[in-house]
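> Just need the whole structure built from these sequences, with the hints factored in.
Protein sequences appear in the order of chains A and B. Just so it is clear: in the first sequence, position 114 is 114 by the numbering used here, and no numbers are missing. Just so it is clear: in the second sequence, position 26 is 1026 by the numbering used here, and no numbers are missing.
If you're looking for bench data, these hints aren't it; they were derived computationally from the structure. In this text, a Cβ means the ideal position worked out from N, Cα and C, and glycines have one as well. Hints may contain errors.
[Claimed, not checked] A partial selection of chain A residues facing chain B, derived with a Cβ cut-off under 10 Å:
no., residue
1, Ala3
2, Leu28
3, Gly30
4, Ile74
5, Ala79
6, Gly81
7, Asp111
8, Ser138
9, Gln144
10, Ser159
11, Val230
[Claimed, not checked] Cβ pair distances, simulated, as ranges:
no., chain 1, residue 1, chain 2, residue 2, range
12, A, Gln49, B, Phe1112, 14 to 22 Å
13, A, Gln49, B, Gln1111, 55 to 63 Å
14, B, Val1003, A, Leu173, 24 to 32 Å
15, A, Tyr38, B, Ser1059, 20 to 28 Å
16, B, Ser1002, A, Pro37, 15 to 23 Å
17, A, Ala15, B, Thr1065, 41 to 49 Å
18, B, Ser1002, A, Ile208, 20 to 28 Å
19, B, Leu1007, A, Met195, 49 to 57 Å
20, B, Asp1060, A, Ala15, 29 to 37 Å
21, A, Gly27, B, Ser1059, 30 to 38 Å
22, A, Phe66, B, Gly1102, 40 to 48 Å
23, B, Val1008, A, Phe66, 28 to 36 Å
24, B, Gly1102, A, Pro37, 52 to 60 Å
25, B, Pro1066, A, Thr164, 49 to 57 Å
[To be verified] Sample of chain A residues lacking proximity to chain B, with all beta carbon distances greater than 10 Å (derived):
no., residue
26, Met14
27, Ala18
28, Val56
29, Ala117
30, Phe120
31, Ile154
32, Gly160
33, Gly161
34, Pro170
35, Ala172
36, Asp175
37, Pro198
38, Leu204
39, Pro210
40, Ser214
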Amino acid sequence: MSASTRRWLFLAGMAGLAAFYLWGLVGLPGFGHYPGPYGLIINKIAVAQTNATGVVSAVNFEYRGFDTVGEEFILFMAAAGVSVVLRHLRGERERPGLEQGIGADEPSTSDAVAQAALVFVGPVLVLGWWLASHAQTSPSGGFQGGVVLATAFILIYLSGGLLTFRRISPVALTDAVEAVGAGGFAAIGLAAVLMGLPYLDNYLPLGIKPGAVSSSGTIALISFFVGVEVAAALILMVGEMLEQTLLVQGEAGS
Amino acid sequence: MSVFPYLVVVWVLAVGLYGIVTSRHLIHLIMCLIVVQSSTYVLLLAVGYRRGAVAPYFSDIPVHTPAVDPVVQALALTDVVVEAAVTALLLAFAIQAQKRFGTLDPHELVQFKG
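What follows is the structure, encoded as structure tokens:
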């Protein structure tokens, strides 16, 4: 199909889609006129029920906790999928380099980038940890915190190269940490079942002061495990891609 | 105008799809898919917005302050996670396509099989 046929076909389809969308829009309440009722009810009861002042986290890790287990395992499977897709093809081999401590053909990083990245590793780690452990009180949580934590490791790669990145996050260790993060979430839910409660029921003490770090029971704990899982999954995926680009060589060489 | 955010949604969706249809590079195509998915964030957040309401965080405000819908915000978070997963997998496929066929142009890639 030629490029212009494709374009015309797309424009016709898009016109139809836009027409249906605008038709549907007529039935929606206007922007800013939220009809409820779910958000209104949850906003009213969440703080009293869970002692978490961050209601989005309460929804994620308590009211929709079961969904979030699935969501976490989507990321887990994505990390596994990336490893499978990026396995070495027939006829490929790794360049000698990683083992011998030579950075292969890694393009050298400018000193300015390396220094700046190094300076930010510490603050980014602290920020990620803070986000992952404060889901119950602020707009944060394990998913956001995990991504920021993984960023710290990517900064380490930027300043020290692939070898340092691998030394500080060996694949076997990162795999294990990811499994602990993913399994921890599921295990917290199963513990409730063993106690005769519904899966993922909040059985930990909720704390006295709403929004304190020690408050909200399993919400805080689950968020922390999610943070660990997300960080490890991202480090694994980024590591796989870096390895492909920097170390793997085809038959013809590259 | 009270429907403006909804029009932004369909615009973002349309430019993203247009990018996918006319793309000549797999990485560009994946970026366009991210744009398409971004329209769903706007839609989710627009649906849950209440005029004059605050974010659903009650750390330093009274508990009964009117707040926007936290459920759609949680859904937007799920959306972001799924997008990250999908993007990572697609980028991995793009790397393999480049390695096997030496091109990232979808028009040339359709000629190859296997």
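> Each hint: holds or not?
Status of each hint after checking the structure:
At its closest, the beta carbon of A/Ala3 sits 7 Å from a beta carbon of chain B; the interface hint therefore holds under the 10 Å criterion. A hinted interface residue such as A/Leu28 counts as satisfied when its beta carbon comes closer than 10 Å to some beta carbon of chain B; here the least separation is about 7 Å, so the hint holds. Proximity of A/Gly30 to chain B holds as hinted, the smallest CB-CB distance being about 4 Å (cut-off 10 Å). Annotation: A/Ile74 was flagged as interfacial toward chain B, and the flag holds, the nearest CB pair being 5 Å apart, inside 10 Å.
Against a cut-off of 10 Å between C-beta atoms, the interface hint on A/Ala79 holds, since the closest Cβ of chain B lies about 8 Å away. Annotation: interface hint on A/Gly81 holds; nearest CB of chain B at approximately 5 Å, less than 10 Å. The interface hint given for A/Asp111 is broken, as the beta carbon of that residue sits about 29 Å from the closest beta carbon of chain B, more than 10 Å. Given hint, A/Ser138 at the interface with chain B, holds; its Cβ is 7 Å from that chain's nearest Cβ, closer than 10 Å.
For A/Gln144, the shortest C-beta to C-beta distance to chain B is roughly 8 Å, which falls under 10 Å, so the interface hint holds. For A/Ser159, the interface hint is violated, since its Cβ never comes within 10 Å of a Cβ in chain B; the closest pair sits about 23 Å apart. At about 8 Å, the closest approach between the beta carbon of A/Val230 and any beta carbon in chain B falls short of 10 Å, and the interface hint on this residue holds. Checked against the given bound of 14 to 22 Å, the beta carbons of A/Gln49 and B/Phe1112, roughly 56 Å apart, lie outside it.
Between A/Gln49 and B/Gln1111 the beta carbons are some 59 Å apart, a value that agrees with the proposed interval 55 to 63 Å. Look at B/Val1003 against A/Leu173: about 52 Å separates their beta carbons, and that is not inside 24 to 32 Å. In this structure the hint that A/Tyr38 and B/Ser1059 lie 20 to 28 Å apart at CB holds, the actual value being about 22 Å. For B/Ser1002 paired with A/Pro37, a C-beta distance near 21 Å keeps the hint of 15 to 23 Å intact.
Taken as a hint, the range 41 to 49 Å holds for the pair A/Ala15 and B/Thr1065, whose Cβ atoms sit roughly 43 Å apart. At about 43 Å, the beta-carbon gap between B/Ser1002 and A/Ile208 misses the expected band of 20 to 28 Å. About 50 Å separates the C-beta atoms of B/Leu1007 and A/Met195, a value consistent with the hinted range of 49 to 57 Å. Between B/Asp1060 and A/Ala15 the CB atoms are about 48 Å apart, so this pair departs from the stated range of 29 to 37 Å.
Range check, A/Gly27 to B/Ser1059: about 36 Å between beta-carbon atoms, so the 30 to 38 Å window is met. Our hint of 40 to 48 Å for A/Phe66 and B/Gly1102 holds, since their Cβ atoms are close to 45 Å apart. Checked against the hint of 28 to 36 Å, the C-beta distance between B/Val1008 and A/Phe66 comes to roughly 32 Å, which is consistent with it. About 56 Å separates the C-beta atoms of B/Gly1102 and A/Pro37, a value consistent with the hinted range of 52 to 60 Å.
The hint said 49 to 57 Å for the Cβ distance between B/Pro1066 and A/Thr164, and at roughly 50 Å that hint holds. Residue-level check failed: A/Met14 sits 6 Å from the nearest beta carbon of chain B, not beyond 10 Å. Chain B draws A/Ala18 into its interface by the beta-carbon criterion, the shortest separation being 6 Å against a cut-off of 10 Å. Not every beta carbon of chain B lies more than 10 Å from that of A/Val56, the smallest distance being close to 5 Å; the non-interface claim is violated.
Every beta carbon of chain B lies more than 10 Å from that of A/Ala117, the smallest distance being close to 22 Å; the non-interface claim holds. With a least CB separation of 21 Å from chain B, A/Phe120 remains clear of the 10 Å interface cut-off, as annotated. With 10 Å as the threshold on Cβ separation, the claim that A/Ile154 sits away from chain B holds: the shortest Cβ distance comes to roughly 14 Å. The non-interface label for A/Gly160 is consistent with chain B: the shortest C-beta to C-beta separation is roughly 23 Å, beyond 10 Å.
Against the 10 Å criterion, A/Gly161 stays outside the reach of chain B, whose nearest CB is about 20 Å from its own CB. Every C-beta of chain B lies more than 10 Å from that of A/Pro170, the closest at about 20 Å, which supports listing it as non-interface. The claim that A/Ala172 lies off the interface holds: its Cβ sits roughly 20 Å from the closest Cβ of chain B, which is beyond the 10 Å cut-off. The beta carbon of A/Asp175 is kept farther than 10 Å from every beta carbon of chain B, the shortest such distance being approximately 16 Å.
Every Cβ of chain B is farther than 10 Å from the Cβ of A/Pro198; the closest lies at roughly 19 Å, confirming the non-interface assignment. The claim that A/Leu204 is not at the interface with chain B holds, since no C-beta of that chain comes within 10 Å of its own (minimum 20 Å). A Cβ of chain B approaches the Cβ of A/Pro210 within 10 Å, the least distance being about 8 Å, so the stated non-interface status is violated. Every CB of chain B is more than 10 Å from the CB of A/Ser214 (nearest about 14 Å), matching its label as outside the interface.
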